[in-house]
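Enquirer: The chain contents come next:
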Amino acid sequence: MIANLIDGLLWNISLVVFAVGVSWKMLSIIFAKRPVDLSVARASSIPGAIKTVFTRFKPAAGMASRIQMKIVAGYMFHLGLFALMFFAAPHVRFLDNEFLGFSWTAMPHSAFIISAQFAFLGLLMLWLYRVLDPVSKLISTTGDHVASILTFVVMLTGCLALLESFSELRLLHRFSVELFLIYFPFSSLMHTFTFIPSRAFTGAWFGRRGISS
Amino acid sequence: MSERLERGLNKLRAQIDSKVQSYFSSCVHCGICAESCLFYTETQDPRYTPIYKTKPLHTLWQQEYTFWGKLSKSLGFSKSLTEQDFADWEPLVYDGCSMCGRCSMVCPVGVDIAYIIQKVKEGLAAAEYSPDDLVQATKRAVEIGSPMGVKLPALQAQIRHVEEETGMKVPIDVVGADYLALLSSMEIMNFPEYIAALVRIFKQAGVSWTLCSEAFEATNSGLQIGNSKIAGQLVQRVVDGAVKLKVKNVISPECGHAYSAIRWGGPNFIGKAYPFKVVHILELLDELQQTGRLKTSGLEKGRITFHDPCQIVRRGGVEAQPVRLLKSISENYVEMTEHGHMNWCCGGGGGVSTIERAEDLRIQVFKRKKSQLDELNVETIVTACANCRLVMEEGLEHYDMDIPIIGMTEIIAEHLVEN
Ligand code: SF4
Ligand code: SF4
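As you go down the protein sequences, you meet chains A and B in turn.
Quick note on the numbering used here: the first sequence kicks off at 1 and runs consecutively.
Quick note on the numbering used here: the second sequence kicks off at 214 and runs consecutively.
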């Protein structure tokens, strides 16, 4: 009964909430009022927008030494999580069967272990910053902590599910993913998508002034 | 709810555009921006974290644009903004931010934090939570025409001195000139050498130019305090003067925020495009030099560096020109480790230098510039903003550093090949 609910109705609800929520949020940002800049542009804003979407993957000049550990933690977490999401064997199979109808080579078990270690360590470091670093502590919100905890639970249950010894563990993982998907559009997890318009807006602004950002 | 609070909230509400929504939705509260801000690096006070300075607008956005924010407000878990919040953020935003925009260069998700801080200023100013010094400066700018209270007779007196010193005429109210040169009050009162340099350079380069007796002030207190309406009023004066004299171009002087106001903000403040072009004096000097109209001779021998004014370089896009100009007249030009669009602010921009109570903080954050200069061991600093110059002179004096500062236009004029 519970298994059916988690694998069926709840899964469908969470997917709809995620898809509608994310689309609604993105559209409401893109179509919200945006005053036209009447000053004469020095250069086109479009190359600036495109460029900044990519350049911000790298820390700004002179900043690397000041934020070293935050960069390391951020990259460990995001790359680790990306690898787990799209290259863990059960996920590749799942995406093939449920959504795409095609698959790609999954990573070997050893790579899975390394990715998981990266993701966990990265997340733990980022969370430690949140609770210990005076700056991050001051600016972090309850929502940020909920997002960290949910992500941690999803990753933990995912690793446990991989053992595949109990189908309950797989169900638990799926349930945590469902909570994650439902929470996603209403939280700072949205930065996964909104970072693109944010970087593009800023890049366009700098671009039309002829500034490299 | 008091009337001023309501005015402030309405103003803040009106600031939420698509960029603000995108930025607040993207911020992951990583705190990286703190490390780019001299008010944080030099004080280690987390309240000076750039994104924290935007909190009043963030709170409003959260409560009115997000699901959890709306829910927690309706259940009474989160409090609406109060006058106390406005009072608490006033010193953080006005004294603790020079609007240098360095934070906007480093945010990994691309938040233009300075853009949001300017919007917070609009809300604070509407609620009348702005430092009195800035309020008075703005009043003087509106009523007298200059934040320092400089009137036309004072300019005329300086013009007379310049004419005596150079033996050249300073053109004023010349109809049909190609360029209308604007000045900052600080240039008129503290650095009239700038006017003398203009006269000499333009004479050699054969530039047709003029000053305008009705619109000589370029600075814009409206921008600094965060009142777009007043900013528009001040810009309109320049537009009227330029139209009356039928000039083709307006020259922004060596003043950072004046350039930002007249070049970039201006048309938006008045709601229409200009019938003339705006150039910064550095752009014009560079163009004159590149086209062979401005000829210099001789090279500065000692170690010399350029302090990039934030609003001209980082937020204004005039980055390559000052370097080219300075290299053309010096043989020992050295760059600070973080320079150009990543240069560190002097600490006095955005109106901070006008606020008397912010003086200690300004001197404290000047340590950033001091350490940049300590590394370089230069004999001369060149800059292109009268405000940066004054702020740095005070900072250098406080820290017993004996390095002369000179304006770019002035040093170029010193190297002119006399006709
Ligand atoms: S660096 Fe950007 S994402 Fe990080 S706290 Fe500052 S504004 Fe937010
Ligand atoms: S604009 Fe400059 S002074 Fe203001 S918060 Fe950003 S880095 Fe700090």
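Simulated from the structure, these hints should not be mistaken for lab results.
The beta carbon of each residue, even a glycine, is placed where N, CA and C say it ideally should be.
Take the hints with a grain of salt, since some may be wrong.
[What the hints assert, rightly or not] Not close to chain A: a few residues of chain B, all C-beta gaps over 12 Å, as computed:
1. T279
2. S291
3. E356
4. S510
[What the hints assert, rightly or not] Think about it this way: if two alpha-carbon atoms lie no more than 25 Å apart in a straight line, the pair counts; the simulated BS3-like pairs of lysine-lysine are:
5. B:K382 - B:K442
6. B:K283 - A:K137
7. B:K508 - A:K33
8. B:K540 - B:K508
9. B:K292 - B:K364
10. A:K33 - B:K485
11. B:K508 - B:K382
12. A:K137 - B:K485
13. B:K292 - A:K137
14. B:K442 - A:K33
Enquirer: Find the hints from earlier in the document that the structure breaks and name them by number, from lowest to highest.
Expert: Violated hints (numbers, rising): 1, 2, 5, 7, 9 and 12; every other hint is consistent with the structure.
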